[in-house]
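In the order they appear, the protein sequences are chains Z and L. Residue numbers for the first sequence follow our numbering, so the first one is 1 and each next one is one higher. Residue numbers for the second sequence follow our numbering, so the first one is 1001 and each next one is one higher.
Simulated from the structure, these hints should not be mistaken for laboratory data. The beta-carbon is built from N, C-alpha and C at its ideal position, and this holds for glycine as well. Take these hints with a grain of salt, some might be off.
[Stated by the list, open to error] Pulled from the structure, derived: some chain Z residues nowhere near chain L, Cβ distances all over 10 angstroms:
no.: 1; residue: G27
no.: 2; residue: I37
no.: 3; residue: M258
[Said to hold, decoys possible] The list that follows gives simulated cross-link-like pairs (lysine-lysine, DSS-like), each with its CA atoms no further than 27 angstroms apart:
no.: 4; chain 1: Z; residue 1: K157; chain 2: L; residue 2: K1226
no.: 5; chain 1: Z; residue 1: K157; chain 2: Z; residue 2: K257
no.: 6; chain 1: L; residue 1: K1088; chain 2: L; residue 2: K1128
no.: 7; chain 1: L; residue 1: K1128; chain 2: L; residue 2: K1355
no.: 8; chain 1: L; residue 1: K1374; chain 2: L; residue 2: K1128
no.: 9; chain 1: Z; residue 1: K120; chain 2: L; residue 2: K1088
One-letter residues, chain by chain:
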Amino acid sequence: MTSLYALPLNVIIVLTAAIFVGYCWFGCIFLRPFLRIFVKGRGNSNDVVGHVLSCFGVFYGLLLGLIAVASFQNLSKVEDNVAREVASLDALYQDVGTYPAPHGQNLQWLLREYCRFVFKYGWEQYASGEIPEGERTRIEAFHERLLAFNPETETQKIVHAETIRQFNVFLENHRVRENAITTGIPSVMWYVVLVGAVLNIALIWLFDMKFITQLFLGGILSFFLGLMIMLIGVMDRPFQGDVSVSSQPFEILYWTKMRDT
Amino acid sequence: MASSPTTSELAADPSRISRRRFVGGMAASVLGASGCSRTTKAVEPINVGILHSQTGTMAISETSLRDMELFAIDEINAAGGVLSRPIKPVVKNPKSRFDDLFPRRARQLLDEEDVVAVFGCWTSASRKAVKPIFEEYDRLLFYPVQYEGNECSPNIVYTGTVPNQQVFPALDWLRSLSGGAKRRFFLVGTDYVFPWTLSHLITNHFKATYPDTEIVGKSYCPFGEKDFERVVTQIGESEADVVINMINGDSNLYFYTELARQGITSDDVPVLATSIGEDELRGLLPELVEGHLAAANYFQSVEREGNHDFIERFRREHGEDRVISDPMEAAYVSVYLWKAAVELAGSTDTEAVRKALGTQIQIDAPGGRVHVDKRNQHLAKRCRVGKIRSDRQFDIVYEAPRILTPDPFPQTSFPGWRCDWTNDGLVEGDPVRIEP
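Taking the hints into account, I'd like the entire structure generated from these sequences.
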């Protein structure tokens, strides 16, 4: 599944179309003559198949639509969370910058290295569905050094308490993003979607019409079904493939703010 | 809905596509497409390990080595990789736990991650803990930090230095007029193998070359020590001319703070550090350390064109305020040295790489040209002594006139011992007892 996300979007579209339309046409050519035995000799066979297909299509369409919306919402949610994590990282970076030397600089360097790691190495690992060990290590290193600071003045105590609070906000956002790396539609749902698609297309084979018309109409319907399922698929993993959350917020923060501080 | 035509009707109409014609057409298309398609074979990356503490007491020093090794790998990958294959770094964090996590992570790298070589370790304790594992798996460890010598393994490439390339020339300089003709030395270090052995070596070096030198005191502290009040009081009472500092990690902050608190300045008693560079100085307030000394082979302030480019490239990537220290440069050189050896060998096989390293490969390192001594897999390097400035950089106050050949077993301390992999291998002399 992961290797599918490595393919460019246009290749995935062509592949999906080829599989779905190919499956439909395969059935039209090889299975249709046998399946038509069930409805042969009935004048209104197309009406019966049509009714079944409409009824089935309503439920299946609803299912597909809801899943597609849920996938899109999940993708947007992850995008929002990345923005929130970057915002909390930025705030934390500002907070530790007020620490006395050399603690402030050391803490800022650790955060900077975390940010750089996320877009330079981390994102690449998310794309293969892995949670990078390096992120956790860098956060641990920062946490360790933050707690090693002993505030001496009242101002330092207030700033330190606020920084620890800010660190917890950042950590929370980071955890949510980390969970999103492996998030996805449960496999049982994928089975329902795929079995539904197979049945939907199989119903088309039962129609009694001209061969070329059946190929054409069946092909269109299969193509659209494939497109819908592909849409869900590409949005299903927020960090994988062409339709995924970008690391740009981290990059912008690093290059415009952190690197030259 | 109109009823569908019969099979005979379909067959009779020449404008209609028959099933047979359609299948034939599709088959031809698929065959045509498959004939035109080309399969692309992904290039398999070469896995290398990075084994440095990123948390714990050694994080302050080792994290920068990780950054530098990743930086060198990125540069090599951007230039096309090694043997036209990209390098994939596998980074492990042994958390400054030398005895248990270092060996465990090393085994993980060699066994589970199947890395062909590892760049790692800082302390001798960690290196000694992983050495048998590298020998068991017959893979190479590139160790980028100056160390005490008294070791020679065919599975370790020592890209730092040994005392005859770093500490002895610095001691000789301190004894000379230009170095202040110091005579009374106080040794302070972390309580582990590097300071113990170095202490033993320094004592014997003075006995052999400057018998009138006095070691007026020795003190060892545990890793992560924060309380140096007693030690600094001892230094003050000993009336030492100079202190040799062999403390590792973030304890240095507390040591220099205590020196300043007790009013011992670099003008009264300069401290010559063996494990402090620009990277460690960022954790120290300049007013605490200004005027003190450090012995190393590389300082960021070395005036070389290659060095300026190197600093600029690193800073462009990591930030304008990042600094580069001696072990960082050695870590960078380690990766390029491994690359050069692999390319010369045409393989990542340990034996082939070892043979290639034995051909005295030369690297134009940022700090100057270095080469591998084929006898013991250590690097031949130059020694420098730097004086700490207020901007946390060094003024180079002494530079050895020539590149120094590494000698892991100085005969003044290890009589009869020698290491020569081109000849007899490791020859053991009289047993030497090193005590803290």
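Status of each hint after checking the structure:
1. G27: Holds, because the least Cβ-Cβ distance between G27 (chain Z) and chain L comes to about 12 angstroms, which exceeds 10 angstroms.
2. I37: Since the minimum Cβ distance to chain L is about 14 angstroms, I37 (chain Z) lies beyond 10 angstroms and the statement holds.
3. M258: It is violated; M258 (chain Z) is separated from chain L by about 7 angstroms at its closest Cβ, not greater than 10 angstroms.
4. Z:K157 / L:K1226: holds, 21 angstroms
5. Z:K157 / Z:K257: holds, 26 angstroms
6. L:K1088 / L:K1128: holds, 26 angstroms
7. L:K1128 / L:K1355: Distance ~23 angstroms between K1128 (chain L) and K1355 (chain L) Cα, so the pair holds.
8. L:K1374 / L:K1128: Holds - the C-alpha atoms of K1128 (chain L) and K1374 (chain L) are around 21 angstroms apart, at most 27 angstroms.
9. Z:K120 / L:K1088: holds, 13 angstroms
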